[in-house]
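Trainee: Sequence:
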Amino acid sequence: VKVDEFYVNPYLEEFRVPEFDRIENGFWFYNKGKPVYLTGFHYFYLNWWELNTGYPDFRDTDRKLFYFWQYCLEDPNCYGLLEITKRGVGKSYRMGAVAYLQTIRYSKAHVGIQSKTFEDAEEFFLSKVAEPYKALPEFLNPVNSHGTEPQSGLNFFPPARRGAASVFRKDKDEALRSMLTFRNSGERAYDGATIKFLVQDEIGKLEKKNGDAQKRLGVNRNCVYRDSKMVGKIWASTTVEDMDKGGEQVKKIWYDSDLEERSDIGRTKSGLYRYFQSALECSYFDAWGYPVIVKAKEEHDAERKSREGDSVEFIGYVQRNPYNIEEAFMTLGGECIYNAAILQARQRFLQEFEMTIRGDLEWKDGIPDSKVVFVENKVNGAWEFSWTFNKPEDANRVARGIEAVSYTHLRAHETS
578 VKVDEFYVNP YLEEFRVPEF DRIENGFWFY NKGKPVYLTG FHYFYLNWWE
628 LNTGYPDFRD TDRKLFYFWQ YCLEDPNCYG LLEITKRGVG KSYRMGAVAY
678 LQTIRYSKAH VGIQSKTFED AEEFFLSKVA EPYKALPEFL NPVNSHGTEP
728 QSGLNFFPPA RRGAASVFRK DKDEALRSML TFRNSGERAY DGATIKFLVQ
778 DEIGKLEKKN GDAQKRLGVN RNCVYRDSKM VGKIWASTTV EDMDKGGEQV
828 KKIWYDSDLE ERSDIGRTKS GLYRYFQSAL ECSYFDAWGY PVIVKAKEEH
878 DAERKSREGD SVEFIGYVQR NPYNIEEAFM TLGGECIYNA AILQARQRFL
928 QEFEMTIRGD LEWKDGIPDS KVVFVENKVN GAWEFSWTFN KPEDANRVAR
978 GIEAVSYTHL RAHETS
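Every number in my numbering is 577 more than the matching position in the sequence shown, counting from 1.
In case anyone wonders, no lab produced these hints; they're calculated from the structure. We treat Cβ as the ideally placed atom computed from N, Cα and C, and that holds for glycine. Some hints could be false.
[What the hints assert, rightly or not] Heads up, simulated BS3-like pairs for lysine-lysine below, C-alpha to C-alpha not over 25 Å straight-line:
1) Lys846 / Lys829
2) Lys792 / Lys822
3) Lys785 / Lys822
4) Lys611 / Lys872
5) Lys828 / Lys785
6) Lys829 / Lys786
7) Lys641 / Lys846
8) Lys641 / Lys611
9) Lys874 / Lys641
10) Lys829 / Lys785
11) Lys941 / Lys955
12) Lys882 / Lys829
13) Lys641 / Lys579
14) Lys872 / Lys882
15) Lys785 / Lys846
16) Lys828 / Lys641
[As the list claims (entries may be wrong)] Simulated DEER-style distance windows between Cβ atoms:
17) Asp835 / Lys882: 43 to 53 Å
18) Glu590 / Val720: 11 to 21 Å
19) Val956 / Asn602: 37 to 47 Å
20) Asn654 / Gly610: 35 to 45 Å
21) Asp634 / Glu903: 27 to 37 Å
22) Tyr832 / Val956: 20 to 30 Å
23) Asn624 / Val869: 21 to 31 Å
24) Ser722 / Val594: 18 to 28 Å
Using the sequences and the accompanying hints, generate a full structural model.
Mentor: If you want it as structure tokens, here you go:
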């Protein structure tokens, strides 16, 4: 039987071509009566990346995250994304999907994976990349040499064949010659490599004995930036569970990744752009994939209350399910001689409410030597006072009285 190796089934091609377009350019659909746009990465993740629980459902929080990732990808001043969120929201599968798509989207691309240990990087590859890969259709699986059960990485090179005729075979020219690898957690594991996409899994749990997260990021930035050009991107994602075992390092990276504080050339100090997802937004979803925040708060509040008697358990739960970034960076109280939960609650209160007011002291009605009045000036006021300062009942009080009034107001505000 003569086989035409260049034959293309028109019916299958009619399906494949639109899929390639959607994966490349994104997809619009109606959700709850409103038009919603999915980026190409999000579309690929939803439709083709099978999790251990089945294919993903649409989540509006994922939509926002993939929007932010697209922004990072297209910004030439951005080295990548730093994501901090709660445990169990699919962050590793999302990174795995992006890693695979970046591997097959380009020729001669090198995609890498690092985690808190070599074993964790290997597990990430096997469970978050290799397993979903096995469920992909033929048209999303280019010519490769890693076989059907990849163990040590993905290699989109032509399979080895012997004989003189091998130089004429079709797959030799079609191969992408791209690869996806995983390496140890060391700071220089990818030193010298040119990387199209680099996964930094659980960067907030990297213990110092396995490497320094900040130093590793410094090396990895050089892997995605070559010859004064951004040639690749980094996606770092983590939960924070122990400030002494990687948490403090990622906290420093987080505050160095503020988009509002950039250099003269438009880059953050770390090179990354930070993104936080609250546990209230990604715990429960309605039938259309939108967060049910009230239900999430009820459950998490109840879980927190049940742990109030044990500060270590309480803070550990809060870190794994943070409402805000300050909670993600809470300090465990295992070695604290005081009640760490109470200290953390007071810290959150002081961070949430403005405890001072800024302004100027002026003569009333501009008349010298008359009564002094306070005029609020948040931008460039010369003085900064306690938040209880500008209350009529406090006028002309001595220091002791002001302290008493401040404490009274503080307690009233705290318990209201």
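Trainee: Compare the structure with each hint and give your call.
Mentor: Do the hints match the structure? See the list:
1. Lys846 / Lys829: 10 Å, holds
2. Lys792 / Lys822: At roughly 15 Å apart (the allowed maximum being 25 Å), Lys822 and Lys792 satisfy the hint.
3. Lys785 / Lys822: 7 Å, holds
4. Lys611 / Lys872: Measuring from Cα to Cα gives roughly 24 Å; hence the hint holds.
5. Lys828 / Lys785: Holds - the C-alpha atoms of Lys785 and Lys828 are around 14 Å apart, at most 25 Å.
6. Lys829 / Lys786: 18 Å, holds
7. Lys641 / Lys846: Distance ~24 Å between Lys641 and Lys846 Cα, so the pair holds.
8. Lys641 / Lys611: 16 Å, holds
9. Lys874 / Lys641: 21 Å, holds
10. Lys829 / Lys785: 14 Å, holds
11. Lys941 / Lys955: 20 Å, holds
12. Lys882 / Lys829: 30 Å, violated
13. Lys641 / Lys579: 51 Å, violated
14. Lys872 / Lys882: 15 Å, holds
15. Lys785 / Lys846: Within the cut-off at roughly 22 Å; holds.
16. Lys828 / Lys641: This hinted pair holds, its Cα atoms lying about 23 Å apart.
17. Asp835 / Lys882: 43 to 53 Å: 33 Å, violated
18. Glu590 / Val720: 11 to 21 Å: Since Glu590 and Val720 have Cβ atoms about 18 Å apart, the given range 11 to 21 Å holds.
19. Val956 / Asn602: 37 to 47 Å: Given range 37 to 47 Å: holds, Cβ gap about 44 Å.
20. Asn654 / Gly610: 35 to 45 Å: Holds, since Asn654 and Gly610 (Cβ atoms, about 38 Å apart) stay within the stated range.
21. Asp634 / Glu903: 27 to 37 Å: 30 Å, holds
22. Tyr832 / Val956: 20 to 30 Å: Holds - the Cβ-Cβ distance for Tyr832 and Val956, about 24 Å, lies within 20 to 30 Å.
23. Asn624 / Val869: 21 to 31 Å: 25 Å, holds
24. Ser722 / Val594: 18 to 28 Å: With a Cβ separation near 27 Å, Ser722 and Val594 satisfy 18 to 28 Å, so the hint holds.
Checked against the numbered hints above, the structure violates hints 12, 13, 17; every other hint is satisfied.
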